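Asks: So the chains spell out like this:
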Amino acid sequence: MSEVLEKISEMLQKGKRKDVAKLCQQAIDEGLEPNVILTQGLLAGMDVVGAKFKANEIFVPQVLVSARAMKAGSEVLKPHLSEEGASGRGKIVMGTVQGDLHDIGKNLVIMMFEGKGFDVVDLGVDVAPEKFVQAAIDENADIIGMSALLTTTMPMMGEVIKAAEEAGIRDKVKIMVGGAPVTQEFADSIGADAYTEDAPSAAEKAVEFVSA
Amino acid sequence: MGHRIRIESTGEGTSILQALQAQGEYILAPCGGNGTCGKCRVRFVQDPPAPSQADRKVLTEAEISEGVRLACRTAAVQGAVIEIEAGDEKQMDVASGFALKGARGAGPGKKTPEQGESGQTHRNPAAEQKIPANSEGKIAAAVDIGTTTIAMSAVDTGSGRILGTSTGINHQRSWGADVISRMEASNQGKGGLLQKSIRADLDLLREELGLAQDTRMVISGNSTMEHLLQGLSCETLGVAPYTPVDISLHEYENMTILPGISTFVGADIVSGIVACGIDQSEEICILVDLGTNGEMAIGNRDRIISASTAAGPAFEGGNISCGVAGIPGAVSSVEITDGEAQVETIGGLPPVGLCGTGVLETVYELLKEELVDETGLLDDDYFDDGFPVAEGIVFTNKDVREIQLAKSAVRAGLEVLLEEYGTDYDQIGKLYIAGGFGQKINLEKAVGIGLLPEELLDRMVPVGNSSLAGAVMAACDPSVLERMRVVGENAEETALAENPLFSDLYMDNMFFPEQD
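As given, the protein sequences belong to chains R and H, one line each in that order.
With the first letter of the first sequence counted as 1, position 17 gets the number 16 in numbering that gives the first Met the number 0; the numbers rise by one all the way through.
With the first letter of the second sequence counted as 1, position 357 gets the number 356 in numbering that gives the first Met the number 0; the numbers rise by one all the way through.
If you're looking for bench data, these hints aren't it; they were derived computationally from the structure.
Accuracy of the hints is not assured; some may be wrong.
Okay, derived cross-link-like pairs now, DSS-like style, lysine-lysine, Cα gap no bigger than 25 Å in a straight line [to be verified]:
hint	chain 1	residue 1	chain 2	residue 2
1	R	204	R	51
2	H	189	H	38
3	R	171	R	161
4	H	439	R	53
5	H	137	R	51
6	H	38	R	204
7	H	367	H	439
8	R	51	H	195
9	R	130	R	51
10	H	397	R	204
11	R	15	R	53
12	R	130	R	90
13	R	130	R	53
14	R	53	H	56
15	H	397	H	56
16	R	130	R	161
17	H	397	R	13
18	R	6	R	17
19	R	204	R	171
20	R	6	R	77
21	R	77	R	21
So these bits of chain H aren't anywhere near chain R, every CB distance computed over 10 Å [stated by the list, open to error]:
hint	residue
22	52
23	59
24	403
Computed spacing ranges between beta-carbons, pair by pair [as the list claims (entries may be wrong)]:
hint	chain 1	residue 1	chain 2	residue 2	range
25	R	170	H	424	50 to 60 Å
26	R	5	H	49	51 to 61 Å
27	H	280	R	207	32 to 42 Å
28	H	443	R	30	52 to 62 Å
29	R	207	H	393	43 to 53 Å
30	R	207	H	491	44 to 54 Å
It should be emphasised that the depicted structure is a prediction, and the values quoted were computed from it without experimental measurement.
We put the beta carbon where it would ideally sit given N, CA and C, even for glycine.
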């Protein structure tokens, strides 16, 4: 592997935003394929970040600075990637369910999705079922991701799945759920396609879905 | 385990947990029957049913073969005989003491078995404030209903003297440890049972204090507890915009319900604000309750702003791998030198786990010894198995992470309040720290992990159960009630979850401060 790619991954893990952007530009100038820079530089770095976070070796703020560094690098690559067409793995619409205003967990999952090369549309918090479904249709999403932090708002996830059925898109999207009170049992009971315990596992599961 | 119970009534889809609740047996169920916490263990004396998915996840093979099951995930069968944990409730450390106006150590925080069932006399902050005596000289019961524990003081409203104080467990714990799970239980039609449970608890405490059942009660507590007591719907409490049904001051025939500010900043905080005299103070003061809901308020006689931070139960030993409540044997103090921990436990008994103060001190000591770095990473030697605090008690890196989340939420909340109020640490007169945990923490160590600001170390005042103190004052003096009404109506609340500054500060404060 090229030295500059390794350096990109390393700086991304350290959360060095400016260095990552500079190195991405350097890699392009050196004539490397933008897609290779993305996958073997940025995404490879985020993979390490995700694994370390899952193992409790690093914590939320470190993931955040790495994700910001990844964003800075992506910005540099973006104009070059679009020329080649498809850059990402797939599209995910993601939000916190209606009645729930918590967004830290959701944002963390989004970072991990993006770290796997997904294109994520963040619907924000307090998202109504119709809004999830409409966004999935408009964006032609592969996956709907839902977050809830309260046992009182968790049942809204079932409403989103019902709305997806009514709109006739249930078989076109995979539905993933997560958040502190959510369990596998609950996910099964509402007919979600996947539940994961943490953000890195969610990203891995999403990769499985689009690779299948 | 110990106590045997026969399951009497069952219905379609009833779990053992629900059957026990219907029979008036309230076992601990922190996650509210969600199948996630693994604490509602019961043992089948014979013929245990096949273990559930949840059983297999949280119980050991040995436990499963001994007949242990999770009550919330096991169907109730009539006639089944199970064993539940013998209650050690009376020994739990419940904050009922309070120390205001410099009167630290006004009363012991708990009733020890030696002191027997009759209460001891506390000094009364109301009396110290020279509140005019109520001429009728009646006895009233001042109550603080906490989500976990309840404290009641018998007060001579004429003299303002406290005749006795008794504390107990809030048996609604069987429907979950936090207010959100209680709301959810109520929303699922269990409101009547929850009301029955809290009323029985209040009856019991009055009985213990030798008070007649028609003794007037002055009740403080968080908004959820007050809703459940009054039988109000909790439907709108747990979903944005989190609107309460009714949190105004209510005077029923034998019961006064103190007013709150919002769903998440309740009468317990209003009561604390008045007990600390913040609503009459010229100086700007802060009150912070270091409990699960992390309520806080800043202000003076001109303006008060409040917030709640959902700090979680880590400072009460919850969500910590070897965490326990303040029970006998809980590690309450820790010192680490050369990788060896020296501990003190409640009652000097063999260590059974870490309570809130033990958790905080462990983190501080690990930081001081550089066994945890600024980012919260545990030293290589302990990363896999955790740091051994005492025989059978370890502190894992995940536990460190829980504390980082909790302390950062509190600290970020405080900083947002200062910002919203347009002031800074220099201008603050006092930082009152409420709650049982707040009364016992080592303030230097709390500052050392970044929970509380170093700038205010010289102005921190642990006040104990200020919610109960306010209820005592209100029982004696109608003008105090009026002050509470005014605070409840006029104090503002700032929503932290939607505040971008809070999100930023929450991230900024998640690491630990540099150690000297």
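Asks: With reference to the structure, classify each hint as holding or not holding.
Replies: Comparing the hints with the structure gives:
1. 204(R) to 51(R): holds, 17 Å
2. 189(H) to 38(H): The hint holds at about 21 Å.
3. 171(R) to 161(R): holds, 14 Å
4. 439(H) to 53(R): violated, 34 Å
5. 137(H) to 51(R): violated, 64 Å
6. 38(H) to 204(R): Measuring from Cα to Cα gives roughly 29 Å; hence the hint is violated.
7. 367(H) to 439(H): holds, 20 Å
8. 51(R) to 195(H): violated, 48 Å
9. 130(R) to 51(R): With Cα atoms ~34 Å apart, residue 130(R) and residue 51(R) exceed 25 Å; violated.
10. 397(H) to 204(R): holds, 23 Å
11. 15(R) to 53(R): Holds, because 21 Å separates the two Cα atoms, which is no more than 25 Å.
12. 130(R) to 90(R): holds, 16 Å
13. 130(R) to 53(R): violated, 31 Å
14. 53(R) to 56(H): Holds, at roughly 19 Å.
15. 397(H) to 56(H): Holds, because 18 Å separates the two Cα atoms, which is no more than 25 Å.
16. 130(R) to 161(R): holds, 13 Å
17. 397(H) to 13(R): The hint holds at about 21 Å.
18. 6(R) to 17(R): holds, 13 Å
19. 204(R) to 171(R): Judged against 25 Å, a Cα distance of about 17 Å means the pair holds.
20. 6(R) to 77(R): holds, 19 Å
21. 77(R) to 21(R): holds, 14 Å
22. 52: violated, 7 Å
23. 59: Correct as stated: the minimum Cβ-Cβ distance to chain R is 20 Å, above 10 Å.
24. 403: Given that some Cβ of chain R is not farther than 10 Å from that of residue 403(H), nearest at about 6 Å, it is violated.
25. 170(R) to 424(H): 50 to 60 Å: 58 Å Cβ-Cβ, so the 50 to 60 Å window holds.
26. 5(R) to 49(H): 51 to 61 Å: Holds: the Cβ-Cβ distance is about 52 Å, inside 51 to 61 Å.
27. 280(H) to 207(R): 32 to 42 Å: Since residue 280(H) and residue 207(R) have Cβ atoms about 59 Å apart, the given range 32 to 42 Å is violated.
28. 443(H) to 30(R): 52 to 62 Å: Given a distance of about 58 Å, which is inside 52 to 62 Å, the answer is holds.
29. 207(R) to 393(H): 43 to 53 Å: violated, 34 Å
30. 207(R) to 491(H): 44 to 54 Å: Given a distance of about 48 Å, which is inside 44 to 54 Å, the answer is holds.
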